[in-house]
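Let chain V serve as the given structure and place chain R on it in line with the hints.
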Amino acid sequence: MSNISPPPSMPSVLAAGPARFEGVPRIWLLFLLLAACAPWVLYPIFLMKLLCFALFACAFNLLLGYTGLLSFGHAAFFGGAAYITAHAAKVWNFPPEVAVLVGTAFAALLGVVIGALAIRRQGIYFAMTTLALAQMISFLALQLPFTGGEDGIQAVPRGMLLGVFDLEKPLVLYYVVLAVFVFGFFAVWRVVNSPFGHVLKAIRENEPRAVSLGYHTVRYKLVVFVLSAALAGLAGSVKIIVFQLASLTDITWHMSGTVVLMVLLGGVGTLAGPIVGASIIIGMEHFLAGTSFPVDVANGLLFMVCVLAFRRGIVGELAPWFQRLRRRNPGSDTSGATHG
Amino acid sequence: MLEQIGISPTQLFGQLLLGFVNGSFYAVLSLGLAVIFGLLNIINFAHGAIYMLGAFTAWLLLHWFGVGYGAALIIAPLFLAICGILFERTLLRRLYDVDHLYGLLLTLGMALVLEGTLRWLFGSSGNPYPVPEELQGVWRLGFMVLPKYRVWVGGAALTLCLVTWLAIERTRLGAWLRAATEDPMLVQNFGINVPFLVTATFALGVALAGIAGVLAAPIYQVNAMMGSNLIIIVFAVVVIGGMGSIVGSIVTGVTLGLVEGLTKVFYPPASDIVIFVIMAIVLLVKPSGLFGKDIHS
Numbered sequence: 001m002s003n004i005s006p007p008p009s010m011p012s013v014l015a016a017g018p019a020r021f022e023g024v025p026r027i028w029l030l031f032l033l034l035a036a037c038a039p040w041v042l043y044p045i046f047l048m049k050l051l052c053f054a055l056f057a058c059a060f061n062l063l064l065g066y067t068g069l070l071s072f073g074h075a076a077f078f079g080g081a082a083y084i085t086a087h088a089a090k091v092w093n094f095p096p097e098v099a100v101l102v103g104t105a106f107a108a109l110l111g112v113v114i115g116a117l118a119i120r121r122q123g124i125y126f127a128m129t130t131l132a133l134a135q136m137i138s139f140l141a142l143q144l145p146f147t148g149g150e151d152g153i154q155a156v157p158r159g160m161l162l163g164v165f166d167l168e169k170p171l172v173l174y175y176v177v178l179a180v181f182v183f184g185f186f187a188v189w190r191v192v193n194s195p196f197g198h199v200l201k202a203i204r205e206n207e208p209r210a211v212s213l214g215y216h217t218v219r220y221k222l223v224v225f226v227l228s229a230a231l232a233g234l235a236g237s238v239k240i241i242v243f244q245l246a247s248l249t250d251i252t253w254h255m256s257g258t259v260v261l262m263v264l265l266g267g268v269g270t271l272a273g274p275i276v277g278a279s280i281i282i283g284m285e286h287f288l289a290g291t292s293f294p295v296d297v298a299n300g301l302l303f304m305v306c307v308l309a310f311r312r313g314i315v316g317e318l319a320p321w322f323q324r325l326r327r328r329n330p331g332s333d334t335s336g337a338t339h340g
Numbered sequence: 001m002l003e004q005i006g007i008s009p010t011q012l013f014g015q016l017l018l019g020f021v022n023g024s025f026y027a028v029l030s031l032g033l034a035v036i037f038g039l040l041n042i043i044n045f046a047h048g049a050i051y052m053l054g055a056f057t058a059w060l061l062l063h064w065f066g067v068g069y070g071a072a073l074i075i076a077p078l079f080l081a082i083c084g085i086l087f088e089r090t091l092l093r094r095l096y097d098v099d100h101l102y103g104l105l106l107t108l109g110m111a112l113v114l115e116g117t118l119r120w121l122f123g124s125s126g127n128p129y130p131v132p133e134e135l136q137g138v139w140r141l142g143f144m145v146l147p148k149y150r151v152w153v154g155g156a157a158l159t160l161c162l163v164t165w166l167a168i169e170r171t172r173l174g175a176w177l178r179a180a181t182e183d184p185m186l187v188q189n190f191g192i193n194v195p196f197l198v199t200a201t202f203a204l205g206v207a208l209a210g211i212a213g214v215l216a217a218p219i220y221q222v223n224a225m226m227g228s229n230l231i232i233i234v235f236a237v238v239v240i241g242g243m244g245s246i247v248g249s250i251v252t253g254v255t256l257g258l259v260e261g262l263t264k265v266f267y268p269p270a271s272d273i274v275i276f277v278i279m280a281i282v283l284l285v286k287p288s289g290l291f292g293k294d295i296h297s
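Going down the list, the sequences are from chains V and R.
Once you know that position 225 of the first sequence is 225 in our numbering, the rest is easy, because the numbers rise by one and skip nothing.
Once you know that position 208 of the second sequence is 208 in our numbering, the rest is easy, because the numbers rise by one and skip nothing.
Chain V on its own, in the form it takes in the complex (with noise of 0.2 Å):
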């Protein structure tokens, strides 16, 4: 038995479930039906909230973790999605599936602004410049008459999807959210695995090199940006579906902070890392809010260990180790011949 064999604690993992870690499809699937299930199990409003977290992080780490662009402006896409969504929904009375549209698709535009201006700048100096865009529209948000100042808006309703579904009712607000929190996803899956997604890759390996191959960066880089940009707007917006209440705490850096460190936490640039993060910073969030602590703080803390300890995140950290255990059970019932 060589110095690398598997704790003693691995064949019982093995035995438990060996197909849940064969091919991913099988364990989006499990991960799929364990979703459609939890309302059953778990509060439906914090189980959307962490849907609502989950994609907003997906969206972020299409930049971070398969570009290599460091955002720090990301609550503006969400949170000015929320607000737009809100005003939609409340003051024009658009029905829901418009709302979101509208939200979305001013983060999509806030996005082309904001990634014009940053991709001048690199590394960074890119965060800095996002992080004090972003710190605009924060002000904005404040100021402007229809964002109702520190009260925001209040009360938006969630109404009808398209003239057929009640949201009113929890469950099927539930699998809506459930479903935009798959189709994000998918379209964060679809880019990451097609030409363009190599292209970001190699983008965030050796941009100069990309450039010399011929591609033009800058615009991968803005495309990119803005769909990043509309995914987390998508997010924000549902949340507001959700909430019916669209405030400033949606919008100001200390959010943008925090999907840095759901993605961190989880695992940059993998697929499952911002889920994974998102669920444990949304857990501790409900967690914590029965205690006195701050979290902020547990926030800091996480993210110092993060930064020092296990830099590629809890699926970054935990990926070669399953991968590894694979590799040495080729078939799936061979479990006792890992060490011949």
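Simulated from the structure, these hints should not be mistaken for laboratory data.
One should not assume that every hint holds.
[As the list claims (entries may be wrong)] Each pair of labels, with its calculated beta carbon distance range:
| hint | chain 1 | residue 1 | chain 2 | residue 2 | range |
| --- | --- | --- | --- | --- | --- |
| 1 | V | MET160 | R | ASP97 | 55 to 65 Å |
| 2 | V | VAL98 | R | ARG89 | 49 to 59 Å |
| 3 | V | HIS216 | R | ARG178 | 34 to 44 Å |
Everything numeric in this text was worked out from a predicted model, so none of it was measured.
Every residue gets a Cβ at the ideal spot worked out from N, C-alpha and C, and that includes glycine.
For chain R alone, coordinates are given in the frame of chain V:
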């Protein structure tokens, strides 16, 4: 002439003075950021939190130990510099070999912890800090009222910038520092203790932010979140000026403070965002920043 457009000179000069004071804070803070960035290549997100700690240290010294303003002006930055040295030696140092964005994230985490903890302990309402006796009162100049303390703060902050600039440009230690910024490996080969220089530089940047905090305590309410939005404005100042030159940081900081003050006079609602608008324009016209040398840095 000013009256014709509905602006009193008192208001104009009052806001210009306020803008000048704000600008001198921007200058000291962006100078500290630039000095740290020059050698460590790390943007210190906790800079705003350190500024807040400077103000809080002064406030606590007064309320717990009865130590006054003058002593706080020396004790607070020293105390914070020591904390900064510990932070750099134990945590930040581990990140020099990885992407510099991780340094930004570590200091962001630190900022969240510091601000969250102080808000937890002391609440989020502001704590007033009295203006020291010698600096109370105003000078009446006819066209405006000049509070003595504001003049002192502006003057002290600019002196601080000037001294830092001289120390870096004119002393042997400063020469080492500039050389290490250009090429740390080569400087180390000449037998200069670069890791020590790095620590000293970080401590210097932290101390600058600490002094700024003490100077700010009597003007703004001492509050756990006082540095939280300020740091983002300072980031914008840094993007506008570029971190290439120390003089650039100072000039950009003061100018933007004045511009902000003028905006408050002529169109108050825009005063919060004017710096960000200027940043957007600078990015369009000269992406490397007004004093920036290299776009890829």
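Verification of the hints:
1. V:MET160 <-> R:ASP97: 55 to 65 Å: At roughly 56 Å between Cβ atoms, ASP97 (chain R) and MET160 (chain V) fall inside 55 to 65 Å, so the hint holds.
2. V:VAL98 <-> R:ARG89: 49 to 59 Å: holds, 57 Å
3. V:HIS216 <-> R:ARG178: 34 to 44 Å: holds, 38 Å
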